[in-house]
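Trainee: Could you slot chains B and C onto chain A? The hints should help.
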Amino acid sequence: MATPSAVRALSVTTWRTSVRPWLALLLMGVAAFVLGVFFFATISQLYFWTTVAETVLFATAVNLLFGQTGMLSFGQAAYFGIGAYAVGLLVPRDLNPLLMLAISTLAGGLAAVVVGLITLRTTELVFAMLTLGFGMALYSITFHVQAVGGENGIVGIIAPHLFWIDLGDSHALWVFTTVVAGAGMAFLWVVAHSPFGRTLKMIRDDAARAENLGIPVFRYRLAAFTMSGAVCGLAGCLYAWAQNVASPDALFWTTSGTPVIVSLLGGTGFFFGPAVGAIVYVYATNTLSQMTPAWIFYVGVGFLVVVLLAPDGIVGGLQRLWHLRRRRRRIQT
Amino acid sequence: MNAVILPLVNGVAFAMLMFIVASGLTLIFGVMRVVNFAHGGFFALGAFLAFTLAAGRRLPFLEFALAALAAAIVCAFLGMIAEVLVFRRIYHMAHSRALLATYAVLLILQGSLVLFWGNNPRSQPLPSDFQHAVVILGVPAASYNLLLIGVGVVVGLYLWLQLTHTSVGRMVRAVAADRMMSASLGINVGLVFTGMFGVGVFLAGLGGALASPLFQLDSSLASTLVLESFAVVLVGGLGSVTGALIAALILGLLNSFLVAYDPALADFSLYLVMAGVLLVRPTGLLGPRVLESR
Amino acid sequence: MRHLTIRLETVLVSVFVIAAAACGGSSSNTGNAAAGPPIKLGMIDTLSGPTAGVGTDGQKGAKVAVDEINKAGGILGGRKFEIVPEDEQLSPTASVKAVRDLSSQSVNLLFGFTSSSDALAAVPVARQLGMAVVASHASATPLRTTQFVPNFAAVANSDYLSANASPDFLRKQFPNIHTWNVFSYDYLTGHEGWNLFKSKMKDRDPQFTVNKEVFIPQTASDLTPYITSMLGALPADSGSSQGVYIFLFGAGEVNLFKQGAPYSLSSRFKVILTSGGGYEALANTLKTDTPSSWVGYDYSYKGFNTTMNKQFIKDFEAANGGTPPDTWAEQSYSAVYLYKTAIEKAKSDDPTKVIATFGGLSYPTPMGTIKLDSKTHQAFVPLTFTHFEPDPTSAQGWKESEATVIWPPASAAIPPSS
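Taken in order, these protein sequences are the chains called A, B and C.
In the numbering used here, each residue carries its 1-based index in the first sequence increased by 9.
In the numbering used here, each residue carries its 1-based index in the second sequence increased by 959.
In the numbering used here, each residue carries its 1-based index in the third sequence increased by 225.
By construction, these hints were calculated from the structure, which means they are not laboratory data.
Among the clues, some could well be false.
As the list claims (entries may be wrong) - On the chain A side, residues computed to face chain B include the following (Cβ under 7 Å):
id, residue
1, L129
2, T131
3, V135
4, L139
5, A146
6, F312
7, L313
8, P320
In this text, all values refer to a predicted model and were calculated from it rather than measured experimentally.
Cβ coordinates follow ideal geometry from the N, Cα and C atoms, glycine included.
Same shape as in the complex, but just chain A:
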C-alpha cells in the first residue's frame, strides 16, 4: 500500500515557530486536566472522562476520513467494534495491554483495508450506504455467534496489568487512556498536517482535478480509510476497557453516526473540531437525559441552533466571534 512517494509524503512538516507556543499551552492545559481528574474525581467521573477521551479519539479518527478526505462513512463502528471485541476475546490470554492495543489497531486496519478495496470506487452517498451495510451485517452476525456472546456480547472485560500497574484500577486506566488517546491524536495530527494530509484535502475539494494532477486518488483514499479504521480499532480497545463490556450496540449504525454528528457539531474543518464536539455532545446528552425523557428534543434543538448560527461548527463559530471582536477593536482605534 505505501509507495515510496507516499512514505515521503508522511514525513512531518517543519514546525512553524508560531504554532509551537500555542500547542505547548494546549498540552500543558490537557496535562493539568488529566492530573486534576486523577486526584480529585470520583470513580464515576473518572470513567465519564475516560469515555470522553475515547470518544474524542474515535471522532477525530472518523473526521480524518470525513472532514479531511471528504468521505462520509456510516460504518466506522465496524472497526471500533472489531477493536472492542478483539480485546474481549483476548481477555483469557492475559496479554500485555500494549500488545492488545496493537492487535485491536491492526484488526481495525485490516478490516478497513478489505472493506475499502471493495467500496472506495463509489460515489459519496453510495459509499456511505455500503459502509453502513457492512457495519450492520457485522451487527447481525454477532447475535448468532455463541463465541462472541450473542446479544449479550462479552462481559467482564477488565484491563490487564501493564508491568506492575493494574489498569483495572480506574485511576490507572484514566492515565493510560489519556496517554494512548493522546498518542493516537498525535498520530492523527501529524497525518493531518503532513503533505499527505494536504493531499487528502485536495482530493476532498476536487478529486477529478487531483486525478488530473497525477495523484493516485484511490490509493490515497484507501490509505486514509485504513488509518481511520486502525485508530477506530484502537478507540474500540479503550472503550472495551472503560465500559468492561463489548456488546453488539458498539456495531450498530447509531454508533457510527455519533462521531460524524459530533464532528459536524464541533466543526469538521478543524483538527480539534471533533474533540470539542465530542465533549459538548457527551456532556449535553448526559445532563439532559437525566432531566427529562424527551431529552432528544432538546438535543435536536441545540444542534439546529449550532447549524444555523455556526455552520462551520462550534470551533468555527468561536473563531468567527474572535475575528469579529478583533475587527471591532481595530475599527475603534
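Mentor: This is chains B and C only, laid out in the frame that chain A set:
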C-alpha cells in the same frame, strides 16, 4: 401454489409501503439535492397523528382513510414550515452540513413523539372493513395488504403522471435539472422547493399513517423502515420514482421469499442487494435521473 | 493567515478544555455518603424508552415496600430506607455508568435490571467496586452459572428454573396438546430457552413433538413473512390440537399479534403460551385485540392468598389509584424486603457483610417465604400462569381471568452444568 402466492402478495404489500415512503425521499433529493434524514421522523409522526385522529378506535375504511390523509397533510404542513425556517438556509451548504440540519430535525421529531405522546406504546386497530383475509387461489391473504398494494399503485401512477404529463410536473423537473436556469426563466424556485418538500414529507406521513395498524406505536418507529427507505432510494437511483418502485419490489419480494425458503439469509438480504446492485451500478438501477426525465 | 488559524484554533480549544474541566465531570449528583441514618438502595432500571413501564412499575413496587418498612419503624434501630433511582436506558454501557455513579454516591446495595444483557455487563463492575446486586427482573441463566459472582442474588425467576414450570403447567392444564410450535427472536437466549422447553417437555410427555420453529431476527419490522411461514406449516385442525410458545417481547410481540390478526393467527392454536413479565403492557397496548393467551411469569396478584400479598395489593392500589401491582412491582418489592432481611441478619448495611448472608437466605415475599439457593443465590420462586383474555366490557379492554401457581421440583434448583 400457496408457497408462491403468499410470499408474492405479502412481499409486494411491504414493497408498496416502502415505496410510498421512499418516493418522498427520492423526490426531495431529486429536486433539492438534500438527503432528508428527518424522513423517518415524519413517518412516525404520520403514524401517531393517524392514531390520535382515530382516537385509537377501529374505524370504518372511509374514516380511517380520512384520518390517514389528514395526518399526512399535517405532516406536509410541518415539513413546509421546517423547509422555510431551516432547510432554506442549508441548500447552499455542502452535503455534510445539511446532514446535521436534517438529523437535528429528526431528533426534534423523535423528541416530540415522547413529549406529546409519552412513553407508553399505542396500537391503532386495522380499519373494520379490512380486518380479515381474503382467499386468493385457495390461500388467505390479508385484505389490508391488498389495500396497501392498491394505494401504492395509485400513488406511483399519480406521481408519474404528474411529473411527466402536467405543466406543474414539467416545472418541477426543470427546477430539479437546473435551478438557476429555471429561476432565470421566471419559475419561482423557492415555491417549488417548499412545495416539493411538502409533497415528499406528505408521502412519508402517509406511509406512516398507513403503517399505523401494523406496528406498535412507540418512539422507535422513527427508525423503523429508515434503512430500508434509504436502500430503496439508492438502489433505485437517486431522483427516480420509477427506480424506487422497482427497487422496493426487488427488496420486498426477495425478503419475503427468502424468509419462506431460507430464513438464515433473509436477515442479510437487504445488505446483499444493496451491495450487489451498488457495486455493479453505483448510480442505482435507473439513476442518475432528473426525476422521471429521460 | 494559516498560522493565525492554527494558533487561534489551539488557543480556543485550550480555553475550552480547561473551561469544560472546571465545569466538572458527570452530571450525577455527588451527594455525601450515607453515613447518617438513611440506608440507600440503588435502583437501576429502565425509566425511559419503550420499556419504561418495567422500571417505573418496579419503582412503584419498591416505594411501597420502603414506605411499609419505614412506617413499621425502619431497620437496624430506626434507620429508614431510601431509593436512589438510575436509568438503565436499555444499554449495557449506560448500566455500567449507573453502577459507577451510584458507587460514587456511596450507594452500594443495588437492585433492578430490566435486561439481562445490562445485568451481565454491570455485575462484574459492581463486584469490582464491592457492591451487592439483586436482580429483580433479569432472568438469564449465565448470571447464575458461568457469570456468577458472590455479590449477586436474584429474586427474579431464572430461565433454567422456570423451564420446568411451563411443562408442568401444560401437562396439568392442557394434557391433550402434544404438538408445539415456536415464534422466537433469533438470539441465544431464545434458542436456549426453547431447547430447554423441548427437553423438559420430552421428559414429561412421550408424545411431545415439534411442528414448526420460526426464528425472527430482532431487526425485522415486517413480520408477515414469518407469520405466513408458520401458517403454511399448520394443519387445518391446529386450532384444537396444537400450541405455540412465543419467545418474543416488547414491540415484536405486539407486532406479531397485530400483523397476524387478519389471518386469525391466535385462533390457529389451542394454546398460546408466552413467558416474561410485562404482559399487562402488551394488553394495555392491544386492548380488545389482546389474544386469549397464557403468560408464565413470577407473579400475578390473583395467584396468591398470603397476608403479605393482601397487604401489598392494598398498599399498592392505595398509592397508585386502584391499579393492582404487576410482576415488575412485586419483584422490586421483594428485592427491598430481601435487603431488609439480609441487613438485619448481617446487623449492618456494609455490603460485604450483606453479601455474606445471601447464600441460603430466607426472606418474605407476597408469594410466601422464599429461600435463596446457597450456591447460585437464585430465589426458589414459583411461576404463575395467568390467563389473559380480551374483555370488551371493561374500560381497559382486557382481563386476567385465572391464575395457576406452579412450584418447580426441588431438583430444578440445580443449575445446568456448562
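Trainee: Now look at each hint and say whether the structure bears it out.
Mentor: Structure-based check of each hint:
1. L129: violated (11 Å)
2. T131: holds (5 Å)
3. V135: Holds: closest Cβ of chain B sits about 5 Å from A:V135, inside 7 Å.
4. L139: holds (6 Å)
5. A146: holds (5 Å)
6. F312: Where the cut-off is 7 Å and the nearest Cβ of chain B is about 4 Å from A:F312, the hint holds.
7. L313: holds (4 Å)
8. P320: Result: holds, 6 Å to nearest chain B Cβ.
Figure legend: structure checked against the earlier numbered hints; the only hint not met is number 1.
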